[in-house]
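Chemist: Numbering (numbering that gives the first Met the number 0), first residue to last: 0 to 542.
Take these hints with a grain of salt, some might be off.
As the list claims (entries may be wrong) - With a cut-off of at most 20 Å between alpha-carbon atoms, the simulated EDC-like pairs for lysine to aspartate or glutamate come out as follows:
(1) Lys394 with Glu375
(2) Lys365 with Asp414
(3) Lys103 with Glu140
(4) Lys530 with Glu504
(5) Lys452 with Asp425
(6) Lys394 with Asp447
(7) Lys539 with Glu504
(8) Lys379 with Asp360
(9) Lys452 with Asp412
(10) Lys539 with Glu477
(11) Lys452 with Glu434
(12) Lys365 with Asp412
(13) Lys379 with Asp414
(14) Lys365 with Glu375
(15) Lys530 with Asp501
(16) Lys507 with Asp447
None of these hints come from the bench; they were simulated from the model.
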Amino acid sequence: MASLPLPIPAITSPHASKPHDAPVPAPRPAASSVHAVLASLSQHAHAHDDALHDAFALVARAEGQPSPAAAVSVGPEVYASLLQCCVAAGSLRAGRQVHAALVKRGPYYSRNAYVGTKLAVFYARCGALADAERAFEALPERDRNAFAWAAVIGLWSRAGLHARALDGFAAMLGAGVPADNFVVPTVLKACAGLGLFRAGRAVHGYAWKAGIAECVYVMSSLVDFYGKCGQVEDARGVFDAMPERTVVSWNSMLMAYIHNSRIDEAVELFYEMRVEGVLPTRVSVVSLLSASAELEAVDEGRQGHAVAVSSGLEIDVILGSSMINFYCKVGLVEAAEAVFEQMEERDIVTWNLMIAGYFQDGQVDKAFDACRRMLETNLKFDCVTLASIIMACVKSCSMMVGTAAHGYAVRNDLDSDRAVACGLIDLYASTGRIEHARRVFNAMSQRDLVLWKVMISTYADRGMSSEALKLLDHMQLEGMSPTAACWDSVISAFLRNGQFEDALEVFKQMLLTRTRPNLRTWSLLISGLSKTGMHQEFTKVAC
DNA sequence: GTGCGAGTAC
C-alpha cells in the first residue's frame, strides 16, 4: 500500500503543515457528521486506499481544531469507525497508527469498551495474533461481548490453534456470554481440526437450542464439519435441510463427498449446482479438479478447466496448482506444463507438483531443469521436493544424486521428515546398503508406524528375517503396536527362508497382541505352510 | 462469520 499522509496522532493536518499548498482551507466538517461519513466510508472502503485516505483526512481536519469542544466532538466512536475503515482496507499499518493515536489521547479513548472491541477485531481480521490477544486481554471481562469473543476465537481457529479456540469458547460460555451464529462456525472448524466429532455434534445441539441452527453460515459450517469427520450422511442431511444455500454451502458439500472418497457423488453435485444456476467459484472448480484427479476422470477435469475459463475465474496459484495436479494425475503432462508456464505466481506446491509430474512421466531432464528454475526463483526445496527427487533416484538407481539429496536434507533439517526418511531408506536398501538405511532410521527421533513398517520390510524383503523380528520386538518395547502389515512382513520373510516354525511362532505372537490378521496374513500362511505338513499346528493356532 | 492445491505406505 502506498504511504498514507497520516496526520494521526499529530494535531495538525497535512494541509495545515503546508498552508501554501492549501490556499483555500478545507472547511471543518460538522462534528456530528464525521462519524456518519466514516461509517459510510468504511462500507465502501474495501481495500481502496483512497477511501482510507479520505477517512484519515476527515478526522485530521476535525481534530485539527484548537477548541476543546471540537476535540471532545471527535469521540472514541470516531476512532472506532476509523478502525473499521482500516479493516475494510486491510491496512494493518494504518490501524496501528489509529491505535497509537488512541493511546496518545488518553485512557478515556484507549480504555473505551467499544473502541477496545474494534481494536481486537481489527487486529484479528488483519491476522496479527499477538496484538489481537493483547487488545482482547486489555478489555475488562464485562466488556468482552460475543463480537469480541468471536473475533479472537476465530483468529485462533484460523491460525490452526484449535485447542486454544475451544478453550476460548468454553471461557466465553463460562463468562455467561451466549454463543451466536458468528462464533459457532469458527468453533466447528476447531472441532473438525481436532477430529472432535462429539464436541462438534454438541455444538450443533447448542445451535438448535440457541435458535441459530438455521443460519446459512452455521449450516454451511456444519456441512463442512460433518464432512471432515467422515459423516457424509449427516453433512447431506444438513445440506438438504438448508432453507437457503450459498455457493459456500455447495462447495462444502462437494468437499464432504471428496474427502470421503465419494467422488461420483461430488461430480454429480457439481452438475446439480450448475443446473440450479449457482455460479461456481474457484473453490468449486478446485474441488471438481481434485475429484477428477482422484477418479482419473479426464472429461470432468477438463470440463472443470473449461468452466474456470468460461466463468472468467482468475487462475491463481491454488486453482492453477489444482489443474497441474489433475493433468499430471491423468498423464497429460503437456497440458499441466501449459498451465504451469502461464501462471503468474507459483509457490512451492506448484513447483513440487510440476517436478513430481515430470518425474512420474519419466521426463527426468525436465524435472531437474524445473528444480534448477525453482532454486533460481529463490525458493528452496522442501521435504516434498526432496521426497520426489529421492523417489526418482530409487527408480533410476542414481546413487550420486540420491546422496546429494541426502546431504541437502541434512543441511536443511529436512531429514526428519517421514517421506524423506522412507525414501532414503529405500534408496540405500535398493543398492544393498542396509546399514546406511538403518542409520537413516536410527537418526529419526519421531518414528511412526509407517517408518517402522518400512524398516521392518526392508529387512524382511531381503530375507533378513531375524533382523526384521528383532525390530518388531524393539518396536513393541517402545510402546508401538505393530500393524498387521508389519507382522505380515516378518512372517513372509520366515516363510520364504523355509523357517516355518518361526513363522508360526510369530503368528502366535501376533494373535497374542490381539492384532487381527488380515486376508494377506491368512493367504501367506496357508500357501506357505500347505506343503510342510504343519496343517495341524497351524489349525490349532488359528482356531 | 462459513469453503480450496502437493508426497508410494498411516
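Chemist: Hints broken by the structure, by number, lowest first?
Modeler: Failing hints, ascending: 1, 2, 3, 6, 8, 9, 10, 12, 16.
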